[in-house]
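J.: Each chain is listed here by its residues.
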Amino acid sequence: MRLKVRRNAGDGYGPYWEDFDIEVKKGMTVLDALFLIRHRQDDSLSFRYSCRGAVCGSCAMTINGRPRLACRTQISLLQEDDKLPPLVPISVQRGPFDPRVEVLIEPLPNMPVLKDLIVDQTEFFRKYRSLQPWLLQRYPELERENIMSKETETELDRYATCILCAACYGACPVNSENEEYLGPAALAKLYRFRIDPRDSLGGERLDQAPGPSGWLGCRFHTNCFKVCPKAIPPNLAIGKARQEMKGREGRA
Amino acid sequence: MVHIAPDDVMAHDVAIVGGGLTGLRAALLCAEKGRSVAVISKVHPLRSHSVAAQGGVNASLNNATQAGKDSWQSHAFDTVKGADYLADQEAVDILCGDAPRAVLEMEHMGAVFSRNEEGRIAQRPFGGAGFPRTCYAADHTGHTLLHTLYEQCMSHDIDFFEEHFVTALSIENGRCAGLCAFDLASGEMRGFEAGAVLLATGGYGRIYCHSTNAYINTGDGAYLALTAGAALKDMEFVQFHPTTLFGTNILISEAARGEGGVLLNAKGERFMQRYAAKAMELAPRDIVARAIWKEVQEGNAHEGGYVDLDLTHLGEERILERLPGIRQISIDFAGVDPVDEMVPVQPGQHYSMGGIDASNDCRTSIPGLLAAGEASCISVHGANRLGGNSLLETIVFGKVAGQTMVGMTKEHMVHDPARLKDLMRREADSIGHLTDVSRDRTVAELRRELKKLMFHHFGIFRDKGTMKLGQLRVHALRHELGKAGIDDIGKSYNQAVIEALELRSMLPVAEAVAISALAREESRGSHYRTDFPQRNDQDFLKHSMVTMKDGALALTYAPVRLGRYEVRERVY
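First to last, the sequence lines map onto chains A and B.
Under the working numbering, the first residue of the first sequence carries the number 396, and numbering increases by one thereafter.
Under the working numbering, the first residue of the second sequence carries the number 48, and numbering increases by one thereafter.
Read the hints as simulated data drawn from the structure, not as lab findings.
You may find that some hints are simply not true.
Claimed, not checked - Simulated coverage check for chain A against chain B, where a stretch passes if three residues somewhere in it have a Cβ under 8 Å from a Cβ of chain B: (1) 443-453; (2) 542-553; (3) 566-574; (4) 601-614.
To be verified - Beta-carbon label-pair distances, calculated as ranges: (5) B:Lys-341 / A:Val-483: 39 to 45 Å; (6) A:Gln-532 / B:Gln-320: 47 to 53 Å; (7) A:Gly-409 / B:Glu-496: 31 to 37 Å; (8) B:Asp-534 / A:Asp-414: 14 to 20 Å.
Unchecked claim - Taking lysine-lysine pairs in the BS3-like style, the calculated list, with each CA pair at most 30 Å apart, reads: (9) B:Lys-538 / B:Lys-511; (10) B:Lys-538 / A:Lys-399; (11) B:Lys-341 / A:Lys-545; (12) A:Lys-421 / A:Lys-399; (13) A:Lys-421 / B:Lys-498; (14) B:Lys-498 / A:Lys-420; (15) B:Lys-511 / A:Lys-421; (16) B:Lys-468 / B:Lys-457; (17) A:Lys-421 / B:Lys-116; (18) A:Lys-478 / A:Lys-641; (19) B:Lys-499 / A:Lys-420; (20) B:Lys-511 / B:Lys-498; (21) A:Lys-420 / A:Lys-545; (22) A:Lys-421 / B:Lys-341.
Think of the CB as a built atom: it goes at the ideal place given N, C-alpha and C, for glycine as much as any other residue.
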């Protein structure tokens, strides 16, 4: 198999494509293949990694035109990409390639490239932090845990399981047009606090993301949901938030 | 190649190395108390290995009311017995006594725990525990705790230095006064002065192959402490988790057995009957791991060396509710759906009971230097850790470490800035030198060789001959490190440098494991000697302590602090 890697030296040299030929073994993931290259062919190839079990969120990158986690992507299964729901086109540099014999590996879109497959996530995390993504306790004086129904827990967990890998941010066509747009992950996180009965801001949480940089920026392309390694639906959160705001205006 | 950064030295009250649960818990407390805090981590904090913890966190909350009355003392007893009596009982009392408060505090901070019918935090049974006292968030408990603590840290002014690899501690007149770190993004060296330095760098699991650990767990903190003059304690106690996914060794949580999963060999026998008739699959990890390995050795396992974990009888609904992550991992990485197929599992390295010797308030023998979490050995896990006690240790002792550091501000520091700059220059030179070294060996080769060596010579079953060979080889590898250069001359994100620095940490840490294991001529907890199959309290109810002098390692012993629980035979 030939891995076509979009490289960027980080000191002004690049970007350029570089091909690496590797022997694919059963079960080999894209992350395994990248390590194989680093350890056997070129130790200057840079990419983020940590858990290799799809839970730390380090290794999101664009593989055959789709943002995804390298550790969770088996090379042999890339042949079955046509079974995945198609994405609304995003701004990746994909040249012509043959998925039967080639794998196209690029950094995530919508973020500046620092080196090879490593992107600068400063803005991604700045937007996240700007929404005060921490619980403002409603009942800090409680001596026991807050009572919470299983239904509430399930609903919270649907969004709280986000690993902040930024695959959705890279896949979002709105993020590529509007650099102010908070993006799917941050909005889903904000919604997670909106529906947390333990949070003292309650409905005011919705006011933290007004206008086209917030809830209203979404155009429901649903790329976010389609690429999420945790099957989180930010589009659903955004839709519900908009509905609630509309209801509020109706009552006012 | 490596430069001293322009704004090269910064001063904080507290410098915390590691951004996992322990580091963030300590950082949060210090920030709340108005201290200036630097968190220095080789990855973004959310990429820390804490995030991968699955099954849960123990606390005697008594929410599973049908099970009878639990108490923190029962929790402490289970922990001490699970530890094969090598834990320091006073430290265990702190761990278990503070557990309910620590877990409720996490809930108040926003952690999304699974709930029972009454809406309280749900609790499940875990190995070696007398009550269902493991609180959980489905099977992603570490994730909810780490993200929650990170969120709380975001509400404070904490200086995060992500993707900075700490290469050396600055020790002045016997006191730790700071450290220097290699900034991956810029390829520059940065200096940090601090009133106190906390090592919260996690374990050393990646000195083994077949490990559940993240790739980043290379014992860097243990190396820093060792070279600075502190002792490493009980390093021979390495936990092998019974159920890791065959092939990748990704963890399959003990929760799978806590929820009712059973283990079957290739003949379809529920073999645990022969090893722990009462506790069965929920015997402590050391016992279940040995049982599986025994089945493998006796030819009762599947080809390749694995047994089956059967969850099919739990039904789809329960699996989806309680073990969704386990299901996804099985599908993604082994191509089996536990709803209707067996999960292939085998034991793999999982946890480091040993670590940097630290007191109940997380102080090491070096003033100004602390250690907590998996990086440390206080010791609360002794010879074998119970499932659900590692997350607990991070949130209890992370806070303790924070409290200890509150009294150690930068004003107390007597410090000569020129010394730190000298250290930075020396470290920069040694990193710069990596590209000048011959390429007789590669870093990757040495690393692979070390990992295999450790698994086969210091694995689940050990004996003198095999270990002696292993030790000689590990020692030789330390000298070969000097022959393994790197090619990458780039400044930004030079990860070849990081892998070389990690190997520099791994080798002496591995040798500390080797020396301690060879000298302990008994079987206790995770340390099983086929040539000494019995526990020997008379000679070995004591902690192994390894120190370094002029590059050579020396082994001594320290007494175990016993308490109210009498040392007894350990039967399950």
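J.: If you test the structure against every hint from before, which numbers come out violated?
T.: 3, 4, 5, 9, 11, 15, 17, 18 and 21
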